[in-house]
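J.: Each chain, letter by letter, is given below.
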Amino acid sequence: MYTVNHLSFDYPTRSVLHDISVEFPTNKITAIIGPNGCGKSTLLKHLSKSIYSKGTITLNDEPLESIDSSRFAKFVSILSQMHDAMIDDFLVKDIVLMGRYPHKTRFGNYTRRDVAIAESYMEHIGISHLANEEVQHLSGGELQRAFIAKALTQEPTILLLDEPTNHLDLKYKLALMKELQTFKGTVIVVLHDIQLAATYCDNIVLMNKGRIVKTGSPQEVLTPELLEPVFEIPFTTKTEDGIYRIQY
Amino acid sequence: MQNTIKALILGAILIVSLVTSLQFGSTFIPLTDVLNSLSSHLGGQNLSIPHMTDTILWDIRLPRLLYSILTGIGLSAVGLLMQTVTRNALADPYVLGVSSGASTGAVFAIICGGLPLLGAYNTPFFASFGAMLSIILVLLCVGKSNSPVKLILIGMGMTGIFSALTMMIIYGAKHEAQVRSAMFWLLGSFAGIQWQDLPLSAIIVALFCLFIYIYKQDLDVLLLGNQEAANMGLSVKTLQLSIVITSSIVIATLVSKVGVVGFIGLIIPHLARITGGPKHKNTLIFSMLIGSIVMIWSDVLSRALYSPEEIPIGVLTSLLGAPLFIWIIMKRYKNIG
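Top to bottom, those sequences are chains E and V.
Going by this note's numbering, the first sequence opens with residue 4, and the numbers climb by one from there.
Going by this note's numbering, the second sequence opens with residue 11, and the numbers climb by one from there.
Think of the hints as simulated: they come from the structure by calculation, not from any bench.
All the pointers check out, no bait thrown in.
What follows is a set of in silico ranges between Cβ atoms, one per label pair, in the way DEER data are often shown: (1) V/Ser157 to E/Ser18: 18 to 28 angstroms; (2) V/Tyr316 to E/Ser73: 52 to 62 angstroms; (3) V/Tyr181 to E/Gly143: 46 to 56 angstroms; (4) E/Tyr55 to V/Leu125: 43 to 53 angstroms; (5) E/Asp87 to V/Met177: 29 to 39 angstroms.
Here are the computed lysine-lysine pairs in the DSS-like style, where the Cα-Cα straight-line distance is at most 25 angstroms: (6) E/Lys77 to V/Lys226; (7) V/Lys247 to E/Lys48; (8) V/Lys247 to E/Lys57; (9) V/Lys247 to E/Lys77.
Treat the numbers as computed from the prediction; the structure is a model and nothing was measured.
Backbone N, C-alpha and C fix where the C-beta goes; we use that ideal spot for every residue, glycine too.
Using the sequences provided together with the hints, build the complete structure.
T.: What follows is the structure, given as structure tokens:
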């Protein structure tokens, strides 16, 4: 279980996280939601060891900073927003295969098993037909799915995803969320789509202005009383065919 | 076509280039004499060739040819890694300011005299010293950051400082011959390369290529970007530092002997990617092969075009390389807005 205790983070001109304490349950899907600039992605960056600051984060009671990066990558896979990649000429299958990098021996090559794992996740995510395409020929959505396949190829027990539904059309948004439901492990996902969070996630962390407003099940957290002051628009909710629906 | 076949074809072209290029220079030497000279030195058979021809081939052209191959391999491999570490297709081996530091050192030795007791090693010594000084200053300024943009910008700044110093030294020169000698060094030349120049450079370039081969998959992952590579468990800072230091040693070694040879380290990695794809395992092999071939023929042209005079090799590589680079960029971005 991920446990965050008294975490604070400031930029020189702005405070982003204020004394946050929260737990992320094992083998559940937790969505972090909140308005722009509330600190969702910053919290996820702390969970993924990209930033260290005041406060403690433990993973199964072990402080995050004591877990070295190569061991961490063996069981935690991170889908982040990339900025400075130079991979236009790479084939999709080569990018997905890089997901096996943390499991490779120091000077060894990728094995046949690694290739088979990468192929099975490309099939899973529905990008097998793009395997021999160059990255520069992909649409934003196709590229996002290739990176999701790479993250799964890492075969982690914990998945950290920063807005994974960006660029995806409705069909693939739903397919991704269903894929996360079948994932055998812990998922922590930053989402903008509140309805997706309500339908597919077990646990919600609602944030506003660098603080945790409430954590709990979708029915406990995604209520008009809590959502309206955070998003500053009116909400209504109802349960239909067993699905908790949120309208705005 | 499979990469193995492409590599075999380029390997064959390299071998043919190796032998045929030895014919060209201030005097044309027939192929039979070239082959006879090589077999008498390598195979131990005493075949009859004029002594002068044998001396030209074995003591002048062959060490020069082998050094041009080393330079082609070294510059291409360093260019490849500079483009990887900065994720910038415009990066070349000189992006960190190493060559500018070397130039300042060399020009200081040529014009101000350096340490005359070093004799023939005076210029290479000061060039190496300048190169290492510039990279130490770059690393000190970059500090703990692993930002590729910061690395490039500080490298550019350092290039500016050392280029200005070089110009100041040249401006203060008292004799025109010194200026001409400095300019010739700055534009690169294989003239004067001897057998004893080869072993150390060959070891350094070979170790560097081995380094790339060993870390080929780590380098592929680095192309995903620093943050993503770190997420995958790669020690980005350590790898980046190793690349910068080893590349600088290679550049300092080569530049101290032959001066600044432009464009090879920029265009060859692009040609290698077009030929064999973007994975470092392939780009390394194709960079080595294409870099060697291009360098051999550039040197032949530099000797043959105005024979018996010689054009600085850097002028020729820029003259050939720049249009080729423009063509590559136009081809590559044809379908991209």
